[in-house]
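A.B. asks: Use the sequences and the hints to build the structure in full.
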Amino acid sequence: AQSVTQLGSHVSVSEGALVLLRCNYSSSVPPYLFWYVQYPNQGLQLLLKYTTGATLVKGINGFEAEFKKSETSFHLTKPSAHMSDAAEYFCAVRGSRVGGYNKLIFGAGTRLAVHP
Amino acid sequence: DSGVTQTPKHLITATGQRVTLRCSPRSGDLSVYWYQQSLDQGLQFLIQYYNGEERAKGNILERFSAQQFPDLHSELNLSSLELGDSALYFCASSAQGTSGRTDTQYFGPGTRLTVL
Numbered sequence: 004a005q006s007v008t009q010l011g012s013h014v015s016v017s018e019g020a021l022v023l024l025r026c027n028y029s030s031s032v033p034p035y036l037f038w039y040v041q042y043p044n045q046g047l048q049l050l051l052k053y054t055t056g057a058t059l060v061k062g063i064n065g066f067e068a069e070f071k072k073s074e075t076s077f078h079l080t081k082p083s084a085h086m087s088d089a090a091e092y093f094c095a096v097r098g099s100r101v102g103g104y105n106k107l108i109f110g111a112g113t114r115l116a117v118h119p
Numbered sequence: 008d009s010g011v012t013q014t015p016k017h018l019i020t021a022t023g024q025r026v027t028l029r030c031s032p033r034s035g036d037l038s039v040y041w042y043q044q045s046l047d048q049g050l051q052f053l054i055q056y057y058n059g060e061e062r063a064k065g066n067i068l069e070r071f072s073a074q075q076f077p078d079l080h081s082e083l084n085l086s087s088l089e090l091g092d093s094a095l096y097f098c099a100s101s102a103q104g105t106s107g108r109t110d111t112q113y114f115g116p117g118t119r120l121t122v123l
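Protein chains in written order, with this note's numbering: chain A, 4 to 119; chain B, 8 to 123.
Hint data in this document are derived by calculation from the structure and do not stem from the laboratory.
Be aware that one or more of the hints could be misleading.
Mimicking DSBU-like on lysine-lysine, the simulated pairs with C-alpha atoms at most 30 Å apart in a straight line are [stated by the list, open to error]:
no., chain 1, residue 1, chain 2, residue 2
1, B, K64, B, K16
2, B, K16, A, K52
3, A, K71, B, K16
C.D. replies: Below is the structure:
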């Protein structure tokens, strides 16, 4: 069954510090993985996605994520946090053939706070 | 701006009532998805339509229904509303969304439903 676990519902970092948001997944099919960001009172914006090929994926706003099959992980990182990065971040995995490949299964989300 | 529009932005209604949420996909996108975001359930997939036909179904209650019209806009109908239906309802669209493909989904800003 498809599932996503995001470790840490709240993460707080200082401006300029490394951002690390953790995501582990379970998938019965080759996983397609996504990170979305949700700013207050807005919809979800795609940060990056992994489908096949290169395991290190670069996204918008300086974020990147690495797919590690052996660890079933897809952690999101950014070398230096900006105040504007404060938002909620969601990791998602695609569905399986049973439920539909286009169904996205989301984690519970991680709220990132950035302090000056 | 993702190009997906949703109306209304906010909706306040009473228990037992019926409401309709509207979504216009990005130009050229054939698939529309509906998701519910609530505090206790998180982000959950409800239903997908592709070019007017239901393609995949998730955790959608029987009191809820959706359709996609020939111009590709979609409506989500919620009836016999209960307090627990209060949530943010997102619409997303993708280019295709047919079997075997997992297209990137672009999310609208959401409709916040409050049931009193």
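A.B. asks: Measure nothing beyond the straight line between the CA atoms of K16(B) and K52(A); if it is 30 Å or shorter, mark the hint as holding.
C.D. replies: holds (28 Å)
A.B. asks: Holds or violated: K64(B) with K16(B), Cα cutoff 30 Å?
C.D. replies: With a Cα-Cα distance of about 24 Å, the restraint between K64(B) and K16(B) holds, given a limit of 30 Å.
A.B. asks: Within a Cα-Cα threshold of 30 Å, do K71(A) and K16(B) meet the stated pairing?
C.D. replies: violated (39 Å)
Hint 3 alone, counting from the list given before, is not met by this structure.
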